[in-house]
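Student: Sequence:
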Amino acid sequence: MSQEEEKQLGQLQIQLTSANTEARLYRGLFWFLLALAAVATLLHLLQR
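Going by my numbering, the first residue of the sequence shown is number 20, and it counts up by one from there.
Do not rely on the hints blindly, as some may be mistaken.
[As the list claims (entries may be wrong)] The following label-pair restraints were derived from C-beta to C-beta distances: (1) S21 <-> L53: 43 to 49 Å; (2) S21 <-> A59: 52 to 58 Å; (3) A38 <-> L64: 36 to 42 Å; (4) A56 <-> L35: 28 to 34 Å; (5) Q30 <-> R67: 53 to 59 Å; (6) R67 <-> L28: 58 to 64 Å.
[Stated by the list, open to error] In silico SDA-like pairs for lysine to any residue, Cα to Cα no more than 20 Å straight-line: (7) K26 <-> S37; (8) K26 <-> Y45; (9) K26 <-> T36.
If you're looking for bench data, these hints aren't it; they were derived computationally from the structure. For every residue, glycine included, the Cβ atom is placed at its ideal position computed from N, Cα and C.
Required output: the full structure, derived from the provided sequences and hints.
Tutor: Next up, the structure:
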């Protein structure tokens, strides 16, 4: 593998790591908001 190919591979690995981190962040945010909505719904139903 040439130096240029190794450089490109390194850059792609960095981008992949960054994308995985961002996906994990949004996945966590989704589950947090879903749980928050579920708790709010349960509290609303229990107050009736």
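Student: Determine for every hint whether it applies to the structure shown.
Tutor: We went through each hint and held it up to the structure:
Between S21 and L53 the beta carbons are some 47 Å apart, a value that agrees with the proposed interval 43 to 49 Å. Look at S21 against A59: about 57 Å separates their beta carbons, and that is inside 52 to 58 Å. The beta-carbon spacing between A38 and L64, approximately 39 Å, falls within the hinted interval of 36 to 42 Å. In this structure, A56 and L35 meet the distance hint of 28 to 34 Å, their C-beta atoms being roughly 32 Å apart.
A C-beta distance of roughly 57 Å is found between Q30 and R67, which places it inside the suggested range of 53 to 59 Å. Judged by the Cβ atoms, the range 58 to 64 Å given for R67 and L28 holds: they are separated by roughly 59 Å. Proposed proximity of K26 and S37 is supported: the alpha carbons are some 17 Å apart, at most 20 Å. Taking the CA atoms of K26 and Y45, the gap is about 29 Å. The hint is violated against a cut of 20 Å.
With a C-alpha separation of about 16 Å, the suggested pair K26 and T36 falls inside the 20 Å cut-off, and the hint holds.
Comparing the model with each earlier hint shows a violation of hint 8 alone; every other hint is respected.
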